[in-house]
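Protein sequences appear in the order of chains A and B. Each residue of the first sequence is one higher than the last, beginning at 1 in the numbering used here. Each residue of the second sequence is one higher than the last, beginning at 286 in the numbering used here.
Worth flagging that the hints you see were computed from the coordinates, not collected in a lab. There may be inaccurate statements among the hints.
As the list claims (entries may be wrong) - DMTMM-like mimics (lysine to aspartate or glutamate), calculated; alpha carbons at most 20 Å apart, straight line:
#1 A:LYS132 with B:ASP400
#2 A:LYS122 with B:GLU305
#3 A:LYS281 with A:GLU191
#4 A:LYS111 with A:ASP178
#5 A:LYS149 with A:ASP26
#6 A:LYS248 with A:ASP232
The model shown is predicted, which means the values in this text are computed figures rather than measured ones.
Letter by letter, the chains look like this.
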Amino acid sequence: MTAIVSARNLSKRFGTTVALDNINLDIQPGRIVGLVGPNGAGKTTALKAILGLAEFEGELSVLGLDPRNDRNQLMQQVCFIADVAVLPRWITVDEVVDFVGGVHPRFSRDKCKAFLAKTKLKPTQRVRELSKGMIVQLHLALVMSIDAKLLVLDEPTLGLDILYRKEFYQSLLSDYFDEEKTIIVTTHQIEEIEHILTDLLFIRDGKIVLDATMEQIGERFSEVMVNPDKADAARALKPMYERQIFGKSIFLFDGLDQKRLTELGELHKPSIADLFVATMKGTYQ
Amino acid sequence: MSAIMPTNKFSWLVRREFWEYRGAFFWAPVITAMIMLAIMLMMLVVAEVTAQQHGVNLNVFNLSAITSHVSDGDIDQIHSALDVSLLGLCFPIGAVLFFVLFFYGLGSLYNDRADRSVLFWKSLPLSDTETVLAKLFAITLLAPVLSIVAMILLQIGFLVLITVYFMFHSVNAIPLLWSPSHLIALWFRMILRIPVNALWALPTVGWLFLCSSFVRSKPFLWAVLLPIMSGILVMWFSLMQAFSLTSLWYWKNIVGRALLSVFPGSWAWFDLSAESFNRIKNPTQVADAFLSLDALGHQLVSLQLWTGVVAGVAMIVASIYFRRRRIEAIA
Numbered sequence: 001m002t003a004i005v006s007a008r009n010l011s012k013r014f015g016t017t018v019a020l021d022n023i024n025l026d027i028q029p030g031r032i033v034g035l036v037g038p039n040g041a042g043k044t045t046a047l048k049a050i051l052g053l054a055e056f057e058g059e060l061s062v063l064g065l066d067p068r069n070d071r072n073q074l075m076q077q078v079c080f081i082a083d084v085a086v087l088p089r090w091i092t093v094d095e096v097v098d099f100v101g102g103v104h105p106r107f108s109r110d111k112c113k114a115f116l117a118k119t120k121l122k123p124t125q126r127v128r129e130l131s132k133g134m135i136v137q138l139h140l141a142l143v144m145s146i147d148a149k150l151l152v153l154d155e156p157t158l159g160l161d162i163l164y165r166k167e168f169y170q171s172l173l174s175d176y177f178d179e180e181k182t183i184i185v186t187t188h189q190i191e192e193i194e195h196i197l198t199d200l201l202f203i204r205d206g207k208i209v210l211d212a213t214m215e216q217i218g219e220r221f222s223e224v225m226v227n228p229d230k231a232d233a234a235r236a237l238k239p240m241y242e243r244q245i246f247g248k249s250i251f252l253f254d255g256l257d258q259k260r261l262t263e264l265g266e267l268h269k270p271s272i273a274d275l276f277v278a279t280m281k282g283t284y285q
Numbered sequence: 286m287s288a289i290m291p292t293n294k295f296s297w298l299v300r301r302e303f304w305e306y307r308g309a310f311f312w313a314p315v316i317t318a319m320i321m322l323a324i325m326l327m328m329l330v331v332a333e334v335t336a337q338q339h340g341v342n343l344n345v346f347n348l349s350a351i352t353s354h355v356s357d358g359d360i361d362q363i364h365s366a367l368d369v370s371l372l373g374l375c376f377p378i379g380a381v382l383f384f385v386l387f388f389y390g391l392g393s394l395y396n397d398r399a400d401r402s403v404l405f406w407k408s409l410p411l412s413d414t415e416t417v418l419a420k421l422f423a424i425t426l427l428a429p430v431l432s433i434v435a436m437i438l439l440q441i442g443f444l445v446l447i448t449v450y451f452m453f454h455s456v457n458a459i460p461l462l463w464s465p466s467h468l469i470a471l472w473f474r475m476i477l478r479i480p481v482n483a484l485w486a487l488p489t490v491g492w493l494f495l496c497s498s499f500v501r502s503k504p505f506l507w508a509v510l511l512p513i514m515s516g517i518l519v520m521w522f523s524l525m526q527a528f529s530l531t532s533l534w535y536w537k538n539i540v541g542r543a544l545l546s547v548f549p550g551s552w553a554w555f556d557l558s559a560e561s562f563n564r565i566k567n568p569t570q571v572a573d574a575f576l577s578l579d580a581l582g583h584q585l586v587s588l589q590l591w592t593g594v595v596a597g598v599a600m601i602v603a604s605i606y607f608r609r610r611r612i613e614a615i616a
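Assemble the whole structure, with the sequences as input and the hints as a guide.
Structure below.
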């Protein structure tokens, strides 16, 4: 199976700061990949390189194309939403649908009309008259009506209330995603997208620190709730992270035999948010 | 399909420019024309009231008698005078067009970077070259054509106004004012000016596009102050003497061409020196200087036009380069 995105020694420097540090990754078709990292870790830089919006060093191939030179061709197969505020404020709903229909060979006007019919958007409304949530509904309707192979979402739900956020990911899953398509998404609200992801990429200081499928994560990481009397025994096994709750200690282990851990206490599957905190501790220090 | 797509895409890109700048491209000249007509109407009413108060009877100006008694040469003079007044009437629309084009050029590759909507445009399968060329089309042809339409409508409105006014005084001005061959010749020459204006405007268009695509903030300051400061430096240090040229030459040919060439018909002013201005004695000569096919033809083979074209194209190519690379601006 050929990778949708394939990077070898991908690097990017801004002056003396290293935004991307020799990244190697492969993203397979039919996956929903969460690219997660603290602020300034290089998420947006990586996405920009993939979208042909930034220069970089190393090798990067997206759908077999070089995003630097073939951006125009690439955009026939790639869609992206770069946060909520990028639709031009002067354009009307009708105009933007007409325009995308006019310039994008893989856009279906009927699909878009059907998506918009489910919202409160009116054809003559200008983007500047819409709330943030409605702008995202419009942008999502446009993007979902394009039969693309790769969809890149960079903080697509930033600043939206939880109703819009839930609805956003719900429509993506039920009306858009299939095994032919690939989605890369960055967000700080990982707990909300945890259940839709198939793959997880953690990025820190320009490096990929975790690259795994969700199944692998379930097998590799375990969380144990330990009574105080066994806490020292647990610490001896070198946990990634420890936190206290109701007088008990919760330990996060990487790659330990789960049978052995059950002897210490109650075993859980760690949440992505806890895994994230454990992996990224010390980032801002 | 792929063979048809590019032209179709281009028309959508041009439509996009029109949608965004509908107010500037369409309404600005139309409203200016309506204001001009309103002013003309008011002036006629004031003239009428004043004439009534002083007991002046307009019937003494027997236009039909005039037209039947004057020679063909005089008729030509009258028509030239009419041309010049009809053209002068349109001057405010030309001035409005100058500001429209200037600020359109300045914002064309900057505004969407400032509000980040460039990220939306860049998410579509459009090349940066196509995008810039559509903007070039809008600034050199679309907006000027819409202005010419407004100008012609204003002229027709003005002639109707005058004709009706004379009619109230039982004077038939139609044979004198409404000579179809003459009006069509005037409009034909106005339309012919569009491509010459477009070529002449390229250095300013190129400069505005370049600033617009390059700067991270404050495009107006960059675009205006940079040429003016350079002109002041050239004056202070008399740099142009090295090329046996004056500082005035620099102001006119570099600063002026970089900033003012989008003024419609500015090439005609560019050629007018003080003495050639003094030589103008009658309306025919004014019409010749600004409207004649000779003046157009002369401009089309002039070195100053084509060096400007070369400089303009070079700056437009540079702006395409920056459009590819400079995405974020500081709003």
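Quiz item: Do the alpha carbons of A:LYS248 and A:ASP232 lie within 20 Å of each other, as the hint requires?
Solution: The given pair, whose Cα atoms are some 12 Å apart, holds under the 20 Å limit.
Exercise. Assess, step by step, whether the Cα of A:LYS122 is no farther than 20 Å from the Cα of B:GLU305, and give holds or violated.
Key: This hinted pair holds, its Cα atoms lying about 19 Å apart.
Self-check item: Holds or violated: A:LYS111 to A:ASP178, with C-alpha atoms at most 20 Å apart
Solution: holds, 16 Å
Quiz prompt | Proposed proximity, A:GLU191 with A:LYS281 (alpha carbon, max 20 Å) | solution = holds, 18 Å
Quiz prompt | Restraint check for A:LYS149 with A:ASP26, where alpha carbons must lie at most 20 Å apart | solution = holds, 15 Å
Quiz item: Between A:LYS132 and B:ASP400, does the CA-CA distance stay at or below 20 Å?
Solution: holds, 15 Å
Taken one by one, the earlier hints all hold for this structure without exception.
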